[in-house]
Amino acid sequence: MYHSVVWDEPLLKELEEIKKEKYILMSVLPESLQRKTIIDIPDLDETQVMRHFFHLSQMNYGIESGFYPLGSCTMKYNPKICEEISRWEQFALLNPYQDESTTQGTLRMMYELEQMLCEITGMDHFTLQPAAGAQGEFTGLLIARAYHESNKDAARDEVILPDTSHGTNPASAAMAGYKVIEIPSTKEGTVDLEMLKKALSDKTACFMLTNPNTLGIFESEIIEVARLVHEAGALLYYDGANMNAIMGKARPGDMGFDIVHLNLHKTFSTPHGGGGPGSGPVGVKQKLERFLPVPWIVKKQDTYCFDYAHPDSIGKIKSTYGNVSVALKAYIYILLMGGNGLKEASEIAVLNANYMKKKLVDSKLYQLPYRELRKHEFVLSCEHLLSTKGIRALDVGKRLLDYGLHPPTVYFPHIVKEAMMIEPTESESKKTLDIYIDTLLKIAQEDPSLVKSAPQNTVVQRIDEIGAVKNPILTWKNLDKTKE
Amino acid sequence: MVTLEAVTMQFIPNSPLKKTMLSELKMHDIDDLFSDIPGEIKVKNLQLPEARSQQEVEDHMRRLSSQNKSFCEMPSFIGGGFKPHYIPAAVKSIVSRSEFYTAYTPYQPETSQGFLQAIFEYQSMIAELTGMEISNASLYDGATALGEAALMCSRISKKKTFVIPENISWEKKSILRNYTKGAGIQVKEVAYDPKTGRVGLGELKKTINADTAGFYLENPNFFGVFEDAVEEIHSILQKNEVLFVVGVDPISLGICKSPGQYGADIVIGEGKCLGNPLDFGGSSLGFFACKNEFSRQIPGRIIGLTKDQQGKRAFCMTMQTREQHIRREKATSNICTNEGLCMLAAVTYLSWLGGKGLHELGALNFEKAQKLAKKISSIPGFSLMFSGVHFNEFVIRCPDAVKVHNHLLQNDIQGGLLLQQWYPKLADCMLFGITELHSDESIDRLVSLLREVH
Numbered sequence: 001m002y003h004s005v006v007w008d009e010p011l012l013k014e015l016e017e018i019k020k021e022k023y024i025l026m027s028v029l030p031e032s033l034q035r036k037t038i039i040d041i042p043d044l045d046e047t048q049v050m051r052h053f054f055h056l057s058q059m060n061y062g063i064e065s066g067f068y069p070l071g072s073c074t075m076k077y078n079p080k081i082c083e084e085i086s087r088w089e090q091f092a093l094l095n096p097y098q099d100e101s102t103t104q105g106t107l108r109m110m111y112e113l114e115q116m117l118c119e120i121t122g123m124d125h126f127t128l129q130p131a132a133g134a135q136g137e138f139t140g141l142l143i144a145r146a147y148h149e150s151n152k153d154a155a156r157d158e159v160i161l162p163d164t165s166h167g168t169n170p171a172s173a174a175m176a177g178y179k180v181i182e183i184p185s186t187k188e189g190t191v192d193l194e195m196l197k198k199a200l201s202d203k204t205a206c207f208m209l210t211n212p213n214t215l216g217i218f219e220s221e222i223i224e225v226a227r228l229v230h231e232a233g234a235l236l237y238y239d240g241a242n243m244n245a246i247m248g249k250a251r252p253g254d255m256g257f258d259i260v261h262l263n264l265h266k267t268f269s270t271p272h273g274g275g276g277p278g279s280g281p282v283g284v285k286q287k288l289e290r291f292l293p294v295p296w297i298v299k300k301q302d303t304y305c306f307d308y309a310h311p312d313s314i315g316k317i318k319s320t321y322g323n324v325s326v327a328l329k330a331y332i333y334i335l336l337m338g339g340n341g342l343k344e345a346s347e348i349a350v351l352n353a354n355y356m357k358k359k360l361v362d363s364k365l366y367q368l369p370y371r372e373l374r375k376h377e378f379v380l381s382c383e384h385l386l387s388t389k390g391i392r393a394l395d396v397g398k399r400l401l402d403y404g405l406h407p408p409t410v411y412f413p414h415i416v417k418e419a420m421m422i423e424p425t426e427s428e429s430k431k432t433l434d435i436y437i438d439t440l441l442k443i444a445q446e447d448p449s450l451v452k453s454a455p456q457n458t459v460v461q462r463i464d465e466i467g468a469v470k471n472p473i474l475t476w477k478n479l480d481k482t483k484e
Numbered sequence: 485m486v487t488l489e490a491v492t493m494q495f496i497p498n499s500p501l502k503k504t505m506l507s508e509l510k511m512h513d514i515d516d517l518f519s520d521i522p523g524e525i526k527v528k529n530l531q532l533p534e535a536r537s538q539q540e541v542e543d544h545m546r547r548l549s550s551q552n553k554s555f556c557e558m559p560s561f562i563g564g565g566f567k568p569h570y571i572p573a574a575v576k577s578i579v580s581r582s583e584f585y586t587a588y589t590p591y592q593p594e595t596s597q598g599f600l601q602a603i604f605e606y607q608s609m610i611a612e613l614t615g616m617e618i619s620n621a622s623l624y625d626g627a628t629a630l631g632e633a634a635l636m637c638s639r640i641s642k643k644k645t646f647v648i649p650e651n652i653s654w655e656k657k658s659i660l661r662n663y664t665k666g667a668g669i670q671v672k673e674v675a676y677d678p679k680t681g682r683v684g685l686g687e688l689k690k691t692i693n694a695d696t697a698g699f700y701l702e703n704p705n706f707f708g709v710f711e712d713a714v715e716e717i718h719s720i721l722q723k724n725e726v727l728f729v730v731g732v733d734p735i736s737l738g739i740c741k742s743p744g745q746y747g748a749d750i751v752i753g754e755g756k757c758l759g760n761p762l763d764f765g766g767s768s769l770g771f772f773a774c775k776n777e778f779s780r781q782i783p784g785r786i787i788g789l790t791k792d793q794q795g796k797r798a799f800c801m802t803m804q805t806r807e808q809h810i811r812r813e814k815a816t817s818n819i820c821t822n823e824g825l826c827m828l829a830a831v832t833y834l835s836w837l838g839g840k841g842l843h844e845l846g847a848l849n850f851e852k853a854q855k856l857a858k859k860i861s862s863i864p865g866f867s868l869m870f871s872g873v874h875f876n877e878f879v880i881r882c883p884d885a886v887k888v889h890n891h892l893l894q895n896d897i898q899g900g901l902l903l904q905q906w907y908p909k910l911a912d913c914m915l916f917g918i919t920e921l922h923s924d925e926s927i928d929r930l931v932s933l934l935r936e937v938h
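Top line first, the protein sequences correspond to chains A and B. Numbering-wise (our numbering), the first sequence opens with residue 1 and increments by one. Numbering-wise (our numbering), the second sequence opens with residue 485 and increments by one.
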């Protein structure tokens, strides 16, 4: 049985401090800005700092800790070589504003990466500027807006999306100033063409779609979807979160998508960093190219340079040129894999998902709503477990932690009751998949009270999240106040 | 070039088991799994280079890297907000721990206590630095934090005008316009005083009125100059019930008052300088702190301290009803997570430095910049553009900025940022930046090279 390392690690503030010294005033500063006392951040020695954060690292689960089949997040192994090279000084110690003649290596990498992403997705031009998938969506929608405005068609103020979409889709649409129209999916779990037809109008700016969608189902009617959307004068947006399912098999550009964002931290194996830095490059078709953020990276003979001369550009979305080290890791990954390696990655990611799905569904302990054939992920329902044993998807997830396994994504997409969304990726062995399957089957047959009281073997047990909202303690100072 | 088998052995372990696993699915060919993709959009192969071995890729990257000149080979005195600072090995060691860097955002708190506690400590330190009551877990960068701050001011005040000073970077202005466009917020600019480089108070009074949602002040501003009229500015804003957003360089807070002490409602900034590499402008994080009364309107992730069912101290994501995964289009922002690893570097860096270390670092940056500015402005033809006291960046008017730039470059020194492209009024002006990292030797070289230009 798994047991997490458990430290009763105090807060930095509770560690023993080196004695504070008196503050020396900086008399040359303007009086109105002069600090009078030292900032209240503890003064510690390096041993204390290292032990503190080392202990914290031991109480955190990453890809190298074990299987991490978090659906929609593509938690694949992150090759070490990518990490190491990205830390070389010649890459890591470059100033974004230094002369272009002194950054040719990085500019070439960015230029070539853009080209490779164009080939993988079937788009005409990419920008690496967006910092994350959600920012990619926002960028794409600003491009859509600029396009309609340039066509004197600015009355288009609606974005349509299916009820299976990621939460960031409606949030990004709202931030770009659009009204959000959500359409229900069919019984098959795909876009309802009739609903789409009804929703489309001369008010529609864009239809946002993930393909395969968040149920892991490929939208087979995509060509008809694209036709309808374009006929209505709207644009078709591709949320690339699930690109790991179709590399080398199909390309959003060929399906009729006009705008694409990718998540380099998913499909292209760059680490998630506990939430960032990520990278959400955006690709567009020719007709939208002139609206892309500046600067473009262009090649003139054998020299690479930044090009700001695009008056129709939306401008900037993030300072400088994006999270470059993330782009660098993705570039290295693509070079390692090659075109056929990427295709193999998608094929095996899909094989692994369907293999797990079949074993779990055959057990009849978990159910699979909607169509059977899935791509790189699948969504099970724990409804049967809930009705027979009172065990919820959340409980199954927490119990997995006791076995040292990371739970799937739970309660998403919202259209599946008691949802568990499993995405194994291609970087896991059959043995690992079998262990996970067996553990899920075992949990379904365990004493419900055991499952519902899980986890027991982790750093902490179930957490009082309601208490955290009712009585927010968000800083050391808040904590001191509650002690008083 | 290597065989596909070599790649799949490394990263795709089930590749050799394809047949066995397919037969369990009662399938014969891998393409059976893709039968739901219409034939007319199927692709055969990607036109990409073939797989390469790790050694080959490393050789290729070595060649690419030799076409870059890092700070070590070419000292850079370029300002504009991105300057190198010393990164202690302890910080590099912590952010290299794969328990941290290969984790997802902490959706499962029981197995993410390490990251969650680190975020809680980061929030505590940012609150302390900025003089605010709460901080989020970080945003993409300082510039997008400004965009989010403007949106938040509008949500709080229900007003649709946001005012910025002219003396902030053109990139921030562009990003701000993109962030506020959808909400229908009008952005107005206040000119700077051409003598001091500070925000013109007369101009500010004329621009601010009761319809203004918020005003952004950068301190030090893009020209490196301290905005010292903070009390006057605060009172102008208060009279009109305008929210006060302040952007700061966190290193300057070692010697400067926290903006909370002069009336700020929201404090933001670029946190890259706290333990993160230059990374050509990437690896950034935007810190975002505010008064407690605005807690329901703050964008981004927030971590709280609570208990587990045994009564043990525990950390978890909190106030999530503001976030996109719960609220969808009604969320306060579309941001999904935070800049986890950059934030981890920041909190480790600040722990390593301590309050005293930050004070000393701030003082050192300040003093080195004063000395350098004095040296350069004493060279005939070179002068300080603005009279306002500056932190670790400053604007120099040169005889011929492009000529100066090229002369330095030929001698493997990167000079100041050429401002003319973005500020036509500042022809022949360079924005210099210096930190604790610049050696005396490189400073002497810079100064003697500048003397050679006529």
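The hints are simulated quantities; they were obtained by calculation from the structure and are not laboratory data. Some clues are possibly wrong.
The list that follows gives simulated cross-link-like pairs (lysine-lysine, DSSO-like), each with its CA atoms no further than 27 Å apart [stated by the list, open to error]: (1) B/Lys644 with B/Lys679; (2) A/Lys13 with B/Lys576; (3) A/Lys417 with A/Lys389; (4) B/Lys503 with A/Lys359; (5) B/Lys909 with A/Lys470; (6) A/Lys470 with B/Lys503; (7) B/Lys814 with B/Lys665; (8) A/Lys13 with B/Lys741; (9) A/Lys197 with B/Lys796.
Verification of the hints:
1. B/Lys644 with B/Lys679: violated (32 Å)
2. A/Lys13 with B/Lys576: With Cα atoms ~22 Å apart, A/Lys13 and B/Lys576 stay inside 27 Å; holds.
3. A/Lys417 with A/Lys389: holds (16 Å)
4. B/Lys503 with A/Lys359: holds (17 Å)
5. B/Lys909 with A/Lys470: violated (53 Å)
6. A/Lys470 with B/Lys503: violated (54 Å)
7. B/Lys814 with B/Lys665: Holds - the C-alpha atoms of B/Lys665 and B/Lys814 are around 17 Å apart, at most 27 Å.
8. A/Lys13 with B/Lys741: holds (21 Å)
9. A/Lys197 with B/Lys796: Between A/Lys197 and B/Lys796 the Cα gap is close to 54 Å, so the pair fails against 27 Å, i.e. violated.
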